[in-house]
Amino acid sequence: DASKKIAEWLKENGVPVKGHTLVWGNPPSVGVPGWVERMGKLEQWSEVRDLLFKRVAREVEEFKDLVQYWDVVNEPIVQNWFDSLGTDYIAQSYRIVKETDPDAITVLNEYGVLVNTGTRRAFISRARQLINEGVQIDAIGAEAHIFTAQDLLGQLGSLESIYLAIDELAQLGKPVHISEFQIPLPAVIDAFKVSISEAEEIQAEIAKIFYKVFFSHPAVEVITYWNFYRAWQSGSGFLRDDLSIKPLFYELKNLIHGEWKTDMKIDVGSSGEVAFKGFAGNYEITVATDGFSKTFSLDVGGKKENNFVLVIGKEQEVR
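In terms of the working numbering, the sequence shown opens at residue 54 and continues consecutively.
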């Protein structure tokens with residue numbers, strides 16, 4: 054189907070794919086189809102449980118080797134319809150994912166945890182219990198939605214509090230994924246009383262501010278913008294309805310592929326050793342000597358020692 058073809062194209066072009074979401078207790082007809090909700094009203098929870106776990110296994114199996122990340126359970130605190138299945142439905146869902154695709158990166162995702170203290174504390178308590186029980190949760194998803202002008206101005210004025218909220222989530226000992234971030238254009242227009250074209254420029258600048266806050270926290274490994282085109286919230290995507298590119302795209306492109314990209318030339322010298330400080334990520338390093346050159350692809354991690362020996366000839370090594 055279309056989703057699988059898109060996932061295949063993304064993989065072929067080196068773009069990590071995330072599946073959202075396998076379990077979401079948000080009726081009616083959003084996270085829970087109407088016919089399943091009706092089964093719940095009839096107290097047919099055993100049947101609902103069986104259908105849910107079959108769905109989880111089916112989707113993960115179908116997209117195995119295509120989807121790298123899965124939001125396995127979404128919003129277990131604020132959308133808790135599936136709690137009626139029993140206390141172990143979350144653990145069972147993660148077990149099925151890992152049994153079906155052991156390489157999948159599993160995320161536990163929640164709404165409001167960056168701005169709502171009560172939700173954050175409840176989520177951390179639930180997540181810690183699951184982790185202590187051995188549930189294979191690989192990352193913590195923190196939604197960062199902005200909907201209204203009030204949201205926008207409030208969060209811009211609370212950047213330090215947002216950073217500290219990430220601190221709290223990081224205490225779970227898992228990487229933090231900023232899983233759902235967007236800035237709707239109407240919120241910008243309403244907050245700053247500007248035209249659409251002016252709002253697009255402001256939107257881009259504000260996105261850059263938030264990305265820098267998220268990126269600056271050592272626990273944050275992923276930032277997902279929500280989303281590319283014809284976004285859920287009006288005007289929040291990278292493209293306009295006519296497919297023209299907005300300033301938002303260029304601002305984040307320049308930030309990620311410019312300011313946050315390491316590009317340098319270094320003289321190795323007679324020792325054959327070199328050290329440098331750069332951003333974590335995938336590197337292409339070209340070593341050239343005596344008319345001979347060779348290019349290496351390296352994965353440089355931010356939380357590990359990065360020592361490499363690059364052999365470009367029988368007696369030529371760069372460390």
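Please note: incorrect hints may appear among the correct ones.
[Claimed, not checked] Cβ-Cβ distance ranges computed for the label pairs, FRET-style:
| no. | residue 1 | residue 2 | range |
| --- | --- | --- | --- |
| 1 | Ile262 | Gly331 | 39 to 49 Å |
| 2 | Lys94 | Ile262 | 43 to 53 Å |
| 3 | Val321 | Pro239 | 53 to 63 Å |
| 4 | Gly331 | Lys107 | 37 to 47 Å |
| 5 | Asp352 | Thr170 | 36 to 46 Å |
| 6 | Gly171 | Leu209 | 14 to 24 Å |
| 7 | Lys318 | Lys107 | 50 to 60 Å |
| 8 | Gly331 | Ser248 | 32 to 42 Å |
| 9 | Leu296 | Lys58 | 13 to 23 Å |
Source of the hints: derived by calculation from the structure; they are not laboratory data.
Built from N, CA and C at the ideal position, the CB exists for glycine as well.
Right, here's what the structure says about each hint:
1. Ile262 x Gly331: 39 to 49 Å: Since the Cβ atoms of Ile262 and Gly331 sit about 23 Å apart, the hinted range of 39 to 49 Å is violated.
2. Lys94 x Ile262: 43 to 53 Å: At 45 Å between Cβs, range holds.
3. Val321 x Pro239: 53 to 63 Å: With Cβ atoms ~54 Å apart, the hint holds.
4. Gly331 x Lys107: 37 to 47 Å: The hint (37 to 47 Å, Cβ to Cβ) holds, given that Gly331 and Lys107 are roughly 46 Å apart.
5. Asp352 x Thr170: 36 to 46 Å: At 37 Å between Cβs, range holds.
6. Gly171 x Leu209: 14 to 24 Å: 22 Å, holds
7. Lys318 x Lys107: 50 to 60 Å: 56 Å, holds
8. Gly331 x Ser248: 32 to 42 Å: Since Gly331 and Ser248 have Cβ atoms about 40 Å apart, the given range 32 to 42 Å holds.
9. Leu296 x Lys58: 13 to 23 Å: The hint (13 to 23 Å, Cβ to Cβ) holds, given that Leu296 and Lys58 are roughly 20 Å apart.
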